[in-house]
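Asker: Below, each chain spelled out in residue letters.
Number of protein chains: 2
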Amino acid sequence: MNPPAPPPALHDVETPVGVVDLSRARSNAERVVAYAAEHGLAWRPHIKTHKSIEIARLQIEAGARGLTVATLHEAEVMAAVTPDLLLAYPVVGSGKLRRLQRLLRREVDLRVGLDSEEVLGPLAQAADAEGREVGVLVEVDAGLRRVGIGEVDGVVRLAEAAAAAKGARYGGIMFYAGHIRGSGPEEEGALLRLAGFVADLGARLDAAGLTPEIVSGGTTPTLWSSHRIPRLTEIRPGTCIYNDRDAVAVGAATPDQWAYTVLATVVSTAVPGRAAVDAGSKALAKEERGGSGYGELFGRPEVKVVALSEEHGMLDLSGTEWRPEVGERVRIVPNHVCVSVNLQDRVVGIDGREARAIELEGRGRASPLPEAISVG
Amino acid sequence: MNPPAPPPALHDVETPVGVVDLSRARSNAERVVAYAAEHGLAWRPHIKTHKSIEIARLQIEAGARGLTVATLHEAEVMAAVTPDLLLAYPVVGSGKLRRLQRLLRREVDLRVGLDSEEVLGPLAQAADAEGREVGVLVEVDAGLRRVGIGEVDGVVRLAEAAAAAKGARYGGIMFYAGHIRGSGPEEEGALLRLAGFVADLGARLDAAGLTPEIVSGGTTPTLWSSHRIPRLTEIRPGTCIYNDRDAVAVGAATPDQWAYTVLATVVSTAVPGRAAVDAGSKALAKEERGGSGYGELFGRPEVKVVALSEEHGMLDLSGTEWRPEVGERVRIVPNHVCVSVNLQDRVVGIDGREARAIELEGRGRASPLPEAISVG
Chain H
1 MNPPAPPPAL HDVETPVGVV DLSRARSNAE RVVAYAAEHG LAWRPHIKTH KSIEIARLQI
61 EAGARGLTVA TLHEAEVMAA VTPDLLLAYP VVGSGKLRRL QRLLRREVDL RVGLDSEEVL
121 GPLAQAADAE GREVGVLVEV DAGLRRVGIG EVDGVVRLAE AAAAAKGARY GGIMFYAGHI
181 RGSGPEEEGA LLRLAGFVAD LGARLDAAGL TPEIVSGGTT PTLWSSHRIP RLTEIRPGTC
241 IYNDRDAVAV GAATPDQWAY TVLATVVSTA VPGRAAVDAG SKALAKEERG GSGYGELFGR
301 PEVKVVALSE EHGMLDLSGT EWRPEVGERV RIVPNHVCVS VNLQDRVVGI DGREARAIEL
361 EGRGRASPLP EAISVG
Chain U
1 MNPPAPPPAL HDVETPVGVV DLSRARSNAE RVVAYAAEHG LAWRPHIKTH KSIEIARLQI
61 EAGARGLTVA TLHEAEVMAA VTPDLLLAYP VVGSGKLRRL QRLLRREVDL RVGLDSEEVL
121 GPLAQAADAE GREVGVLVEV DAGLRRVGIG EVDGVVRLAE AAAAAKGARY GGIMFYAGHI
181 RGSGPEEEGA LLRLAGFVAD LGARLDAAGL TPEIVSGGTT PTLWSSHRIP RLTEIRPGTC
241 IYNDRDAVAV GAATPDQWAY TVLATVVSTA VPGRAAVDAG SKALAKEERG GSGYGELFGR
301 PEVKVVALSE EHGMLDLSGT EWRPEVGERV RIVPNHVCVS VNLQDRVVGI DGREARAIEL
361 EGRGRASPLP EAISVG
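If you read the protein sequences in the order shown, they are chains H and U. By the working numbering, the letter at position 304 of the first sequence is numbered 304, and the numbering carries on one by one without gaps. By the working numbering, the letter at position 207 of the second sequence is numbered 207, and the numbering carries on one by one without gaps.
You may find that some hints are simply not true.
Repeated chains share a single entry, so a pair holds when one copy, or any two copies, can fit it.
Derived lysine to any residue pairs resembling SDA-like cross-links, with alpha carbons at most 25 Å apart [to be verified]:
{"id": "1", "residue 1": "Lys166", "residue 2": "Glu133"}
{"id": "2", "residue 1": "Lys166", "residue 2": "Gly327"}
{"id": "3", "residue 1": "Lys166", "residue 2": "Glu325"}
{"id": "4", "residue 1": "Lys166", "residue 2": "Ala129"}
What the hints contain is simulated information worked out from the structure, not anything from laboratory work.
Kindly produce the complete structure, drawing on both the sequences and the hints.
Answerer: Here it is, written out as structure tokens:
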């Protein structure tokens, strides 16, 4: 008998495909856990970045306290990893409320972030109909002007309503400071304003007998400043498990902490001064940042992805002597890792000298459409 | 016995979800076919826009001549609709060549676009090993500087090589004028330069005994100018089946030809002057166009999506009296339909008073990773 064929090499894998360096992901997780422990914070990572049960387990094993999710599908999937889930998204609509009820029949300790009585009422009612209680974090606008209540009185009123609602359990407050993306004077001002707002809010909630058990915040860009927000109990950064060009641009990570790249193949060098690779906007996502392109080559930071169409990424060779050949493989660091991962069917996890497929169970919405739908 | 429950209404369907107006899609297809017929052109639509067998069939029934695809997975799926396929993408790498060989065992009449002997050689060899011939269109750089040969001599040389290669059948030339996106003086100049280049190239190929049977070009922005390109035999626009804000912005469509929107639910109105919906960059794609936002409300063009995070779209209410309530449904027209469709699990097709799920069989890459992969 012949010896078994050797496993295919990474360079045999079809491109484009996301590649995760598991050793770096572990170090990234450990670094966040160490910081959180130093400052008495819990880390509840947002799994939107990786969408994977395996990576969520890696986070929990590293010391994460529960998980944050954005969709009901993510919640359903991650309930297999931990019962301790924060659904950082208001549940709106009868279909989603039924789905939430099914989730509550499982072993979950679920909190939901929301910012209105219009969301609180039906949610509490749905939980109560299952004989369950759902934890409620009142979402506060930290300055991003996305969701959340921006004035103290409104937060207190909704906290009171949550504390009073049958089927709900008031748990505290949450916010997302996605507008703070660096460490310049403007960002420093925004961080101080946020700290002041949270302090005021905490005092008012205390006075109302609504002391927040949980104060949940923290993005990857503000991750290492989390201890400067008073009363914070937990942080939710997700990107920090893999990091990306944006995380480095805002000073939250260094290039040796990049744990995700997109493996791509050079498919054309016909246009002088450029090379086309097979990772386009359907593998990297077309999110530009201030003229620095859509990504850069791992190990060759001078080579940027300067244009993207759906299945083509264009490398600008003007700043390098390197001249790739058709068929050559490259690895691209995306600007925004979360949306690139979301474009993969699955990713390749590299663990030392071995590699294997990592499924993205939390990807998509898993909301099958009914056979027939009426219009009207 | 009780009468059967009525089918769920469209407004029961979970959001966010892409919605296709099939009647508009049919009209859009018929309009392109009529234009093509008037000018003696074949329409070979690129299916990257819709990724769906049902929509591809609709195009063929309307009179499309074959289909264009970008990936091997799209080719495998669309071979069920028509044997007449153009893979407008170079096939590079051993894994993809093996996949192409499996495809050639089916009833397909496959052409491939390519721009180098490095791609032609292994491709022809792979086809020949199957006892088949693959059609070759030499890709020409129409001015976009993405892929394609930009000078006449190089095109003639590669056409000669294709004509000589065992396993290949020289079929003509193709190009993609993605840089022409409007009808101003600059675009007019680019169109005239392209027309001149194609005329020169045709004459040189004739002189070399390599008269191109197929001259394939045409994007949605240049669709209605296709007859101004000499010797063109077929056009490949894909977006025109659904259209989007970009198609309207460049004058290639009107808003009543929008056949695709993303159905979304208002989840927060807590921030004054804004409303948050549950369609974010993971449903719409974050592709901005010159300060006009990431999408607009269908039927309310004054309401733009001014910010996107992964699961939130922010509607700016400053230009409207309309004040949506939490739970209200809206439909959003994306800037770029192809990348929004690619983010859906499936879409809802509306056909008169009925609606049903439309699967996106061509989505993803369907390249399962081996169990074990070695690194090195």
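Asker: Compare the structure with each hint and give your call.
Answerer: Hint by hint, here is what the structure shows:
1. Lys166 to Glu133: Answer is within; shortest intra-copy Cα gap is 8 Å, inter-copy 71 Å.
2. Lys166 to Gly327: between (62 Å within a copy, 21 Å between copies)
3. Lys166 to Glu325: Result: close only across copies, 23 Å inter versus 66 Å intra.
4. Lys166 to Ala129: Within one copy only: 10 Å inside, 71 Å across.
The structure meets every hint from the earlier list without exception.
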